[in-house]
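S.K.: Read off the chains here:
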Amino acid sequence: MGLLNIFKGQTRGPAPLPTGSFTVDSTGELLTSTVSSSFSRESLKYIGHMVLQSFREAKRAEQPFAELNVQFSAVDLKARELRGGAIIFLSPRNKTGR
Amino acid sequence: MSVAPEIESAVKPKILLLDDDPDVLNLYQEMLLSLSSMPEVHITTSGARAMSMLETEPFSVLVCDLKMPKMDGLQVISIVRRKYPQLRTVVLTGVADEQMRTRAYALGIDLYLEKPTNNAELSFLLECIESLLNKEAAGGFRGVQSKSLVDLIQLECLSGSSSMLKITNGRLEGRIYIQNGELIDAATQEVEGEEAFKRIVAWKTGNFEIVPTDAERERKIFTSYQGLLLDTAQAIDEAEAVEERAAASEDGEKLSDTQLLKKSSLGSIPGLEYALRIPEKSSKKTQAWGLQNAETLADWVRDTMSHFEKLGDKFHFGSVQQLEGKGMHRVIHIAIHGNDQFAIGMIGSPSRNDIDSTVQKVLEQWAS
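Protein sequence lines correspond, in order, to chains A and B.
Those letters in the first sequence? Residues 9 to 106, per the working numbering, in order.
Those letters in the second sequence? Residues 4 to 371, per the working numbering, in order.
Chain B with its partners taken away, still in its complex shape:
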């Protein structure tokens, strides 16, 4: 259904336009084809068809109406955000409703726009889409384009900037402070200084943003950023080598409780009864600490989360962010971190603060 010209199709961004009104689709297709990035614009009138198109070829941006028969816009978005997290999503709707806007943003869309009624609004819409396409072309992490964390630190230091890099890795948050090109401090959870810096840089995934620096920040790092980055890279390299050797051994994929305890110091977390990491890919083994029946619990976690994910999709509640069960003897908290699920058992009836603190510590131990 593409109407884009043949030339330079390999480098053209692709837009998928979803609306149940074919006239509206054709009109928007014409308009979007006029963008300076010369996108390919594919159109479809049904959510199901949109899902199959997304399965078969990569798109840069999905522009989606909300009110549609059968599968409506929120339903499409909630599936798309989970299956294609890198796809930019735009809601273009005639529904001027603040609650709808909130729900759509809660699902993680990039833009919520009302259908234009005049020339100025139309220009604004086209500019927004063009801007998203440009971001897509630049690649990289959402929030900061085409840069790794190490690249960013080096760039900020080399340019003599004063800034704070705020890094979020699931529930974990880290801050790296740079003053006049000097690395002066870092902080994550309860750790500060060099130790915090090393932990943050060791995170394998995350989102970054640069925000104005705290001018009064006390300096706690006195080693050069190059030295620290080298130390950290060496530590990561050695850790990966150990993991590779373990994976190569006969039972390497499943570390024993004792090995995990040594590796992650989970035993030092007060109130923690057990912890279980369930990788998204079923080919990878679960990792457990403090559990006799890890696979039974892992099956229960997978089933329960899957049931509630389906419930969330069915009623447009969005994706499950966490699940918690409180019993007489323990609290079980299920968190999603990156692509993995974590089940964390805590003894007794811990307070809200204690639960959050324990969960943070466990995720931090396993995040690197």
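Only chain A is shown next, with the shape it has when bound in the complex:
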């Protein structure tokens, strides 16, 4: 069934999940990062903005918090508010959910 080898043509998949931490300032600008460069800086900035926005909106809703944990089915996102920004940790979850 050598003919079926044409199905094996594609070997690249979506980019791997990000692992590591990064810091953003209060405007969402990326300051430092240990996340692999295969996950773009723009993507990290996008996540940083989202996290900062969550901290701000929580205050507006009178539910202020300084630590945020979001559990996605494939990734854990943990963020801590810092003076003038935030530090964000990203870690893929394994098959058993942790």
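None of these hints come from the bench; they were simulated from the model.
Hints may contain errors.
[To be verified] Derived pair list, reagent style PhoX-like, types lysine-lysine, alpha-carbon separation capped at 25 Å:
id, chain 1, residue 1, chain 2, residue 2
1, B, K313, A, K67
2, B, K223, B, K201
3, B, K313, A, K86
4, B, K329, A, K53
5, B, K201, A, K86
Keep in mind it's a predicted model, so treat the numbers as computed, not measured.
Model the placement of chain B on the given structure of chain A, informed by the hints.
M.R.: Just chain B, lined up with the frame of chain A:
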């Protein structure tokens, strides 16, 4: 784009095949048409087109490649799993990558298969798809086909089986123990015996599986299963009648805090500051206990969860399972249970165990 014959189209299962390579699509379409369940096989080369096809007609199985331009397979699956939870999903890919496999299973797919390279692998692929189609034809809950929980209990007891029914309802887990056709015990959270049995049977949704029984289990239920099922059915019926009467009254949709407190005993949960239930359908009102500004908080929960859902879709992180914020004075935990979101506020800085325990108790109070 269907090539299935006209006959018996009403009862034929439908497969949607998604791959960016038209040659591969045509080849697989031919193969899948040969299955004994004679499915209709629809094909498409783009994720966006697949989404619109799923919107317009029901499918039994989605077979999806991973590597595609624009919207890739994981992106399609993460949307599909949320929008069409009953749709069976199969990843068929040339990517032999353990992390991809894990990510795909984390999104809730049914099967992850590599594209076949020989006859044996091809037969295996076709058997797997056929098996999924057969499960679909049988209907019912995922895990156990075409049976309600009450049906299952009755069947297990009537057949004289010894088994344990494991029921999961979101975060809640219940166990019902049957020994030689006799209902001997049940357990959920911190409750056992008849009380646990009644709570479990009152759950409106859930997934069930039958597993081998614990032979040493001590008997704690001595009432017959028929009697218990009758009692529970009566209690559920009465509770629904009360809810219907409340809904029919002018302000029935929104129970007052006092009514909710009486109804659910939330006030007895230590450390609980407030609880908020936000139904998926915006036509239904939120329910709140211990909150002055429930609608403000509900809006914040909806917005925040929506933002992170979008983030999850964008970067293939999957769906949001829970969100937690810790502040100086409280912890807020947002959980998804069934189709509803729950925001649970806890005073101070509770430990991880205390948070999990409080969340479980609140969900249990509102799950029935």
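S.K.: K313(B) and K86(A) were given as a pair; does the straight-line alpha-carbon distance stay at or below 25 Å?
M.R.: Holds, at about 17 Å.
S.K.: Starting from K223(B), check that the Cα of K201(B) is at most 25 Å away, please.
M.R.: Cα-Cα ~13 Å, so holds.
S.K.: Regarding the pair K201(B) and K86(A), is the alpha-carbon distance no greater than 25 Å?
M.R.: 38 Å, violated
S.K.: Compare the distance between the alpha carbons of K329(B) and K53(A) with 25 Å, and conclude whether the hinted pair is satisfied.
M.R.: 23 Å, holds
S.K.: Need the status of pair K313(B), K67(A): alpha-carbon distance at most 25 Å?
M.R.: 22 Å, holds
Figure legend: structure checked against the earlier numbered hints; the only hint not met is number 5.
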